[in-house]
Amino acid sequence: MELKATDNPIDSAGPAKQVLSNLFYGWGYNFYRKENQLRADDLLIRAKVSEMLAAMRAHLAGLERDWRCEHLPAPTREHPFPDPAAVATAQALQRAQQGIESLETKVRTAPVPEMDRVTQRHLNEREALERLAEVDGELVMAAKSVLDASAGLLDPATAASGLSAILAQSGMEAVLARRAEVLSVIAVA
Numbered sequence: 001m002e003l004k005a006t007d008n009p010i011d012s013a014g015p016a017k018q019v020l021s022n023l024f025y026g027w028g029y030n031f032y033r034k035e036n037q038l039r040a041d042d043l044l045i046r047a048k049v050s051e052m053l054a055a056m057r058a059h060l061a062g063l064e065r066d067w068r069c070e071h072l073p074a075p076t077r078e079h080p081f082p083d084p085a086a087v088a089t090a091q092a093l094q095r096a097q098q099g100i101e102s103l104e105t106k107v108r109t110a111p112v113p114e115m116d117r118v119t120q121r122h123l124n125e126r127e128a129l130e131r132l133a134e135v136d137g138e139l140v141m142a143a144k145s146v147l148d149a150s151a152g153l154l155d156p157a158t159a160a161s162g163l164s165a166i167l168a169q170s171g172m173e174a175v176l177a178r179r180a181e182v183l184s185v186i187a188v189a
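Under my numbering, the first residue of the sequence shown carries the number 1, and numbering increases by one thereafter.
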């Protein structure tokens, strides 16, 4: 996945360049620096992945709701206890939703390197953020494949087990681990 590159208008501003540059850096932030764009892109990418995971969770919640309406009616005198197989399926769907919610939380709360002037002098932050953007691209592709595969799961009885297999095959956890490795290199450097 390739991110769109935007030229820095300050670079070709002529005599006003120094004044604008001083104003931007006086506030400690330059909107046009590639590092800041990459940081913002990281936040947007992770928000989109979280939306995909939320859509997947909503799909499973709909399957669970339909399953409960069809297979777990209100207790009656003839059938005071629910069918254990139907309860197990409903619980499996709930656990799958909790797993997706946990993954969504990991994605949404994943750290981003801070904009710190001291560390910027000692490491090549742009290179690390570009590696982070590549890993985020892999995360989007994995989330998209999982979302597409989960949309095809229409049978609630097999959806929970099928979704856990799909998540394992997608490697989203591995991508998040690689993302943490990229960030650990930044922290160590």
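Where hints are given, some of them may not hold.
Stated by the list, open to error - List of simulated lysine-lysine pairs, BS3-like, C-alpha gap at most 27 Å:
id : residue 1 : residue 2
1  : Lys106    : Lys48
2  : Lys144    : Lys48
3  : Lys106    : Lys144
4  : Lys106    : Lys34
5  : Lys48     : Lys34
Stated by the list, open to error - Label-pair ranges, simulated between beta-carbon atoms:
id : residue 1 : residue 2 : range
6  : Ala165    : Glu114    : 36 to 46 Å
7  : Met115    : Leu72     : 45 to 55 Å
8  : Lys48     : Thr158    : 22 to 32 Å
9  : Glu138    : Gln98     : 23 to 33 Å
Bear in mind the hints are in silico, worked out from the structure with no lab data behind them. These numbers come from a predicted model, not from an experiment. Idealized CB from N, CA, C, for every residue including glycine.
Open item on the list: Flag every earlier hint the structure violates by its number, smallest first.
Closed with: Hints that this structure does not satisfy do not exist here, as all of them hold.
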